[in-house]
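*Asks:* Taking the hints into account, I'd like the entire structure generated from these sequences.
Quick note on our numbering: the sequence shown kicks off at 501 and runs consecutively.
Please keep in mind that the hints were generated in silico from the structure rather than gathered at the bench.
Note that the structure is predicted; figures quoted are calculated from it, not measured.
We treat Cβ as the ideally placed atom computed from N, Cα and C, and that holds for glycine.
Careful: at least some of the hints might be erroneous.
Stated by the list, open to error - Beta-carbon label-pair distances, calculated as ranges: (1) Lys833 <-> Leu714: 50 to 58 Å; (2) Tyr1150 <-> Thr1070: 53 to 61 Å; (3) Asn786 <-> Asn1020: 47 to 55 Å.
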Amino acid sequence: MFKNLIRIFLFLLIITIIFITYLSVYGIKTKKFNEMIKSEIIKHDNRINIDLNEVFIKLNIQEKSLSLNSRNLNFYINNEVQRIKNVDLLVDIISIIKQNNKINKIIINSEKNEIIDLLKFIRAYKINIPTLYLENIVRKGKITYKIIASAQDQKVYNLELKGKISDVNINILDKELIENVNFSLNYKDQFLQIKNLKLNYKKTNFISNNITALIDKNLIKIKGDFKNNINNNLTHALFDYDMKNYLNDEAIFPSKSIFEIDFTKKFKIKNYKLQTDIDIKNVKLNLKKINLKNYISNFNNEIFLTNGKINFLIKNKNKINMKVNSKYIISEKSKPKKISFNYSKNKNIEKYELNADLNESEIYIDSINYHKPQSEELFVNILATKNKNLYKINNLKFYSSNSKFLIKNIEFSKNFKIDSFELIDCTFYNKDRYLNDILIKKSKNKIYLNSNNFDLSSYIEKSLKSRKKSNFFDIFKNLNTSININIKNAKIDDEHNLKNLKGVALVENNKFNKANILGNFNSVDNFTYTIQKLDGKKVTTIYSDVAKPFVKKFKFIKGFEDGKIDYTSTEIKNNFSKSELRIYNFKLQDMPALTKLLSLASLQGIADLATGQGIRFNEFEMFFENTDELINVNEIYALGPAISILMEGYVEKNKLVSLRGTLVPATTINKTIAKIPLLGNILIGEKAGEGVFGVSFKIKGPPDDLDTSVNPIKTLTPRFITRTLDKIKKSN
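*Replies:* Structure (structure tokens):
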């Protein structure tokens, strides 16, 4: 009997299992609950209507409920519809027994609907700003979703949403197009999670593994990650800056980012944070707009970045940090060298730091006669700040084992003029391998320039040959200061050094207004440079007991020896000055233009002398007027034992030289002076065919291609005789 009971029990158990399984999987079709379902929905909102087909009663063991399931139905709000795949209403079993039919949970699984239709459906149910905004920007796309509404009480449900969005296009104000948006989402208890997001923006694919949004009473807090490639289109769109001048369209930077952003309920941004890591593999930067060729000879207007990273952090609009670490190649033959750049912004203060290895760069700085050969070490470090529109270089340092350039605390005005500085400290070998050292300090309203050794030769040459007036102080905003100079040894050329070059110069409104600088070549020969105001005009004077280091800078003069030089220039107005140049007791071994002139005049003996031991002059005088583009030579007069020259003309800078004058051997001059009481005989000659006094000449043409012509003369101009007599009287 016990065995029979066991068999009956097992039979009933099997029947029960089969029944429960059937009831759980297939259910029992009925229309008994149709009205209950409709009434429950209408009770929740009477605007909602439903096309309800057959209902199946199923057993949901997990939820301890009966499930009222219906498939292929439509929900309506006004004229908007959503197609639903199936709906499950989970009814508490005990409530069915008690006949109060309590619904514990509603589960809705949708068909694939147009996302625009869903937005219209939601807006018909309840108008809200996010829905209106989305409806205006979404152009197409599909959505499937699962809604789980769990009863909190008879009128309130907690919602859980799961969905999948595919092939969505978004157009923002007809300006920004985001295409092919795909992702899955989960929403529960004010927490939204977006997974596997993919989209295309500015021809760039974005991928995100996870994005979350927490919706509380006042804020919507969103955070997540994404990966993408950065190209020209994207940088231009995000930063409103076109990088096409610097990057090729093919340039791509793989990047990974994490972000956080807080919105108000009205979708206004309150806080945000973006952290991005960018890979630099092999990228060519075009730098044609940055004129570095004048300083780096092996620079071809482009550099290659390789094996680098950029770390980028933005925190709200007032805080930005960027770090760049990479290697760069300046030319195809150079080796990769390190470069790093740091940038930070906090409110109105911006900070910059640049470090670079310049070993592979061949550097010329013509203004200081500096040359660094390729492969000789040199490093650069720059620290700078910006406060609003004002820039400051806190520290600029170029350094190597034998060179140092240090500049501290240079402040710039809005138009990038120097407003102030603290220190300039330089020790370097120039291209002639001469070791220079110079220390410039600014204290209050005074500048102190000190040096043990400084090569001035290139500065003097440029000053003497310059065809264009320039003012170094134009780099300053408005400099008003005194400069105290103390240079122990100043190189003028390979043969001459000035010792103890000292003095004070006064700068007012970026111009030298006063100066008194003294030095000496030795215990006998001195040098002076002065600027002073006389009768409201600025007068500049230079005197040197040794003329050679200054005159020899002109390449067309060969074998200049001895002599003293005296120069005075009076500034009449800004672009016009009158000058006088005098050189005493010197000789020339060779002056090509003069030698040609002597040869053309058939003064062969003097021509031989000019290319041999040299021609001595007692005095040379030049009176001329300067404007920006023209030098008017009022008179050049040179008097010597062998020859004398008188000339005048003009020089149009970089275009034309035009000079004319008279050249006479000294023997003719002496004979003429001796016969002055018989001036008539001199002018016409005592005998027919008496010898020629000298030559008149013209020199004309472009500066590099002068043409010289001569004509023999029998008489000297009264002006020539008068100037010669004046000189003879003064010498006596």
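*Asks:* Does each hint fit the structure? Answer for all of them.
*Replies:* Structure-based check of all given hints:
1. Our hint of 50 to 58 Å for Lys833 and Leu714 holds, since their Cβ atoms are close to 56 Å apart.
2. Separated by about 19 Å at the C-beta atoms, Tyr1150 and Thr1070 break the suggested range of 53 to 61 Å.
3. For Asn786 and Asn1020, the Cβ-Cβ distance of about 54 Å falls inside the hinted range of 47 to 55 Å, so the restraint holds.
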